[in-house]
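Enquirer: Take the sequences, apply the hints, and build the full model.
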Amino acid sequence: MKRENLVLMLKFTRDFDLQRKRQKAIWFILLFSFLFFFPQISFPQIQKSFTLIKSVSIQIEGQPGGKDMKELIPVKEGEPFSLKRITESIKQLYSTGLFSDIQVIREGENEIYLTYIFAKRFFTREVFFLGKKNISRKKLKEELDSVREGSPFSEGKLRKAIKELKNILRSEGYFYPEISTSTKKNFKTSSVDVFFEIRSPKRFLVKKISLLGQVILPESRLREEMKTKEGRRYVPSVLEEDISKLKGMYKSMNYHRAEIDIEAIDFDEREAGVSITLKITPYERLEIVVRGAQIPLSLIKPIWEERIFEEWGLAEGEAKIIDYLRGKGYLFSAVYSSMEKGEDKIRVVYKVTPGEKYKIQDISFEGSEYFTPSELKEKLGIREKIPFVSWINGSRLFELLKEIEALYRRHGFSEMRVDLNFVREEKNVKALFYIEEGSQEKIESISVKGTFLFKPDELLKQISSYQGGLFFRPNIQKDVERLKNYYLEQGVRGTEIAPEVIKAGEDIYSVLFDIKEGKRVKIEKIIIAGNVITKKGTILQELRIKEGDYAYYELIRETKTRLEKLGIFTEIRIEEVFITPERENLIISLREGKRNYISLGIGLETKNEPRTFTIWNNVIRPRGTTEFIRSNMFGRAFQLSLVGQFSLKEKRGVISWEQPNFFGLPLQTYLNAWLEREERKSFSYDRRGISFTAIKSISKNRLFMTTLRWARTTIFNLQISESEIDRQHFPFSASSVSGSFIWDRRDDPFNPKKGSFFSFVLERAYPLFRAESDYLKNFIKYQNYLPVFSGITFSSIFRLGLGRGRMPIHERFFGGGSNSFRGEEFDELGPRDPDSLKPVGGKALLLLNFELTFPFLPSLRDLFGTFFYDKGNIFAKRKHVSLASLQDSVGVGIRYRTPLGPIRFELGWNLDAPKGEKKVLAFITIGNVF
Amino acid sequence: MSSKFLSVLSHLNFSFHHILVSSFFTLYFLFFTLFIFPETIDRIIAVVNDQVITLTDIRIVKAFGFYEEEIKGLKAGVPFFILERLIDQKLAIQLSSEEVKIDKEVEAYLKNMSEKIGDEKVQKTLAEYGFDLDGLREYIYEKILFQKLISRKFGQSVVVTLDEIENYYKGTYVPIQKEKGLEPQPMIELLHEIESTIRENKIKKHVEDWINKLKSQADIQIKVENLNEYFKKEGSKIE
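Taken in sequence, the protein lines are chains A and B.
Using the working numbering, read the first sequence as starting at 1 and increasing by one per residue.
Using the working numbering, read the second sequence as starting at 1001 and increasing by one per residue.
These are calculated hints, taken from the structure and not from any lab test.
If you're wondering where the values come from, they're calculated on a predicted model, not measured in any experiment.
Some hints could be false.
List of simulated lysine-lysine pairs, DSBU-like, C-alpha gap at most 35 Å [as the list claims (entries may be wrong)]:
id : chain 1 : residue 1 : chain 2 : residue 2
1  : B       : K1124     : A       : K84
2  : A       : K519      : B       : K1062
3  : B       : K1143     : A       : K76
4  : A       : K120      : B       : K1215
Expert: Here's what the structure looks like:
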C-alpha cells in the first residue's frame, strides 16, 4: 500500500511539472494585483479621483423608500463621489423637516453604492399624564415646554421634559416624584403619543414659619396676609405669591426696595414637614415729595424701586414730571430735584414750577422750503383743530421735534436743525417750528455692475433711489433688499449684492450696486410629503408652479398662500433642495390639522330701541349659536358644517357643504340647506330652502358670485291685511338665480378707515318646480370711507333696491333700524298697512347714509364719536320712487372699536316723523352700518 | 495522505500549494469584507436649533487642526471636544444678526494654515473630502466670526482691579514660583502680564457662563452616543 501511494505521489508531481511553471506565473500576477489593490478600497477617506456613484438607495424606518423619496436626494447615480456633496445633501434633507436623523452608508470601492438611512420626524400628537388625579393636567400641559402637542418630537426632549415636570410639580407642592415615560408611535401619521407616569410624589406640611431680619411690621399682620400657614400644605408657588404680597405691603409703607428672601427651607422627611425661614431686609424708606404741582406719585415711584444711579434717577424723574405737565398744558414748567439721605431713609424732593397753563392755538412752520406747511402737518399726523374736539397736547408738541428731524433726514437733509418757539397770547400759545434745512444730499449717479441676466435699466426700475433723487443711507440698504427680492422673484438664487457709495462732491454721492449674480434655477421635481388624509390631487390643484418652471419666488409664495387658504393644514413648509446650482427639488411638507370643530356661543340681541334692560320685556333677548364643522372630508378639503342659531324671535338651522373646487374648476362652491323661523314686525314666517353658490375670485379684491336658490315660505301671525299679499300663493315657493359682483377695496372689512366697497346683485325668480314667485330684483350698494384728518373719517353709503313682478312680502325690501335708517325702528320705514299700521315693505328702496367719525379722547384710541345723517325710504312700487318722498334723520353716537367691528350707541332724530310718533330713537348695535 | 485524496487531487490538477494559496486568499478577503464593508461615511451628529453638524464637519475641523492647541492637552475625547466647540459656535452665531466682514481675517488664517500644514497637504486633504478652498473657508469663517463676537461682547466689558492682581500675585504666582524653587519677581514688573492672564480667565469664564445659558435655552439634540467609534481608523489615514 505504501509503495503504491509513493508511486501515485510521484506520478502526481510529475504530471504537474509541465503546467506548473505557467500556472505559477499566472498565480503570482493575480496574487500581486489582489494584495496590492484590495486594501486601498477598505478606507473610505482614501479616494481615487472621479470614483463614480453606482447607485443610491434609501431606507426609511427600516423599509425601502419609494421613488418619490429617492427624488428628494440631491446626490445622483453616475456623479463623482464627494463627501462634501454628501454632507451638504444631509443638511439639505434635514431642512425639509421630514426627518429627525440621516445616515449615509457606503459600499463598494471602484463602484460606490450609497444608502441613505432616514429616521422619520415625528410630531407629538397628544401628551398624557398618568398617576395622581389631583394634579391639574391642564397646568402641566401648559407649563411643559419641551414636549408640546403639535411640536416635533425627539427622545432627547423626554429627558428635558422629566426635569421640567419635576420643577413644575415641585412648585405645586409635590416633591421627589418618580416619573417614567413611554411613547406610542403611529408610523402612518408620523405622530407620537407621549405618556408621563407620575408616581409617589410627596407632600409636606408647614411645621414652622420664622421671620428674620428687620421685620418692622407686626409679625401677626404679615402672617395673616400669607396663604402659607403653619399646618397647611407647603406649596412653593403659593409661597412665592406670599413673598410678592409681603413686598407689596412694604412698598405701601414706602419701603420700595424691600427684599424678602427664602433664607432656609428644611425638610423633615420622617414627619413630612417643612420649616420655612424668611429673611426680611427693608432697606431705606423712600419718600418722594413733589412740591409746587399735583403730580401722581405713580409716575415717579417705579424709577426708585430698583437700585439705580441716583443722578440718573433724579434726571429721569425730572423728565417725567416735565412731560406730564406739558401734556396738561404747562408748557414752560421747570423742575429741580434733590436727594436727602438719612440712616434708614431717602428723601427725594422735586420742586416744580409749573408756570402758566396754555392752550395750543396753532402750529406753524418756518424755514421749510422742501415741504409746505400742510405737507408737514400731513406727514406728522397733525390734523386741523376742530371745536370741542381735543387736539394736540404739549407733550406731543415737544415729541414733534424729533419726528421733524427724522422726517428731514429720511429726505436727505442730514444736517438739518429744528427749534421750537412759542408766541404767547394770554392763555393761548402758538407753536412755531423753525427749520434750518441745510443742504440736501443727492444722488449724482446710480448704476449696477456685474449683471448679465437682466438689463441694468430693468434692475434700476426695482429700486426707490434714482439719479438726482435724495440720498439716505438706509434707503440704499432697502434697495439692496429690493434687488435681492427681484432676483429671487425671477428664479435666481445665490445672488450677492454689495452697495458702494462714493462721495462725488459736496452733498453729492454716486451709488454703485456691485452684483454677483447667482444662477437661474429650474425646478426638477416637486415632492409632496406629510399628507395622510389629503389626496395628492387636492394639493396639486393649488400649485402655481410646476416641474420645469424656473423657481419664481412669487409663485412659490402664492402656492403656499393657496394651500393655507384650504384651511386644513397646521403647518406648510416649502423647501428648496438644490441638486445642482441650476436645478432644485421643491419639497412641500405638510402637517394636517384637526378635522372636527365645535363651538357654542351665547349673547344678547335687540332689534328695537331699548326701553328697559330686563330680558322679560323681550327688548334685549338672549341669543345662542352652536356650530359643528368637519373639515377635509374625503381628503379633498371639503367641509361640512352644521349651524344652529336660536333666540326668542328667530330660530335657524343650516347645513352647508363647501368645496374649494368644483369638478376641477377653480370655483369655491357652497351647498346650503336651511330651516328657519323668524318673527318680523308685520308677519312671522317658516322657511326651508336649498341653495348652491359658486364664487370666482377675479383678483385680490374682486369676485363674482352666482347662486341658485329654492325656498318655500309659510307666513303666519300676519299683522297686515291679506290683500297686501297674494293669498292664493300661500305658502310661497321661490326658485331663483342670482348673480353678484363684489369689489372690496376697504382697508379693513370690520373697522374700515379708508377705501370703498361696491356690490351689485341681480336676482331672477322663475316659477319653476311649482314655485309661485316670478320677479326680478336688483340691489346696488356703494360704500366709501375717506380719512379727512388724522383720526377723522367721513363715510357714505348708497343703497338702491328695485324689484318688479310677483314679490311676496318676505322678498320685498324693508328698511328702518340701526343698520339702515336710524329715524325709524327696525322694518318700520316705508308703506304701512292702513288697518294695523304695520310695515308691508316695498318693491323699491333708496337709502343714503352719511357719517363723520372722530376720536373722542387722545388717551382712548378705540373710542369714537359720530355725527350721522340718514336719508331714504321704501316705496311700494318703482314708479313711486321720488326724492321728495325721502325721509331724513340726523343723530349722534358713540362707538367703541373692537376687532369684530364697533359697538355703537346712537340716538337718531327723525325730522319727518308724523305727529304723535316718537322722534328720538336710541340704538345699541355691534358692527358698522351695512 | 490517503491514496484516494491524492488521486482526486491529481484529477483536479490541484497541488498542495494551490490549497494553501486559496485558503490565504479566502481569509484575506473575509478579513476585509467582514471588518470593512459597509460603512457609515457621514451622518448627523448633532442638531443645534435646526442647524446640523455632520460627521464630515467634525472630520474637516480635526483634519485641518482648527483646535490643535486645545486638543494637545487632551488624552481622549477629541471628537467630542470638537463637537462641543462647533455647537458653541453655532449658538453664538445664530444670535448675531449683524453682518460682519472678516474676509481679510479668513484669508490670513488660511495662509497661516497653509504655511503650517503645507500647501500640498492642504490640497490633498481637501481632495480626499471632495472639498475646495471655498468650502474650507466656510469653516474658517465660522470660527473667526465666533471669536469676533466673543471679543465684541466681552472684550471691553471686563475690568481687572488692583485687588485682583494682588490676590493673583500672592495666591497663585508666588506659590508656583516657590514650588519651582524660583525667586518671585516683584509684582510691579508683572502687572501687565498678570492683568492679561486675569482678563483672559475672566473672559473665558464669562464666555462659558454665556454659552451655558444659551445651551439651556436652545434645542440641542446629540444623535450619537459614542462619537469615538467613527474615529477609530482615522489615525492611520488622516492626521
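Enquirer: Taking the hints in turn, state whether each one holds.
Expert: Quick rundown of the hints versus the structure:
1. B/K1124 <-> A/K84: holds (14 Å)
2. A/K519 <-> B/K1062: holds (33 Å)
3. B/K1143 <-> A/K76: holds (32 Å)
4. A/K120 <-> B/K1215: This hinted pair holds, its Cα atoms lying about 25 Å apart.
Checked against the numbered hints given earlier, the structure satisfies every one of them.
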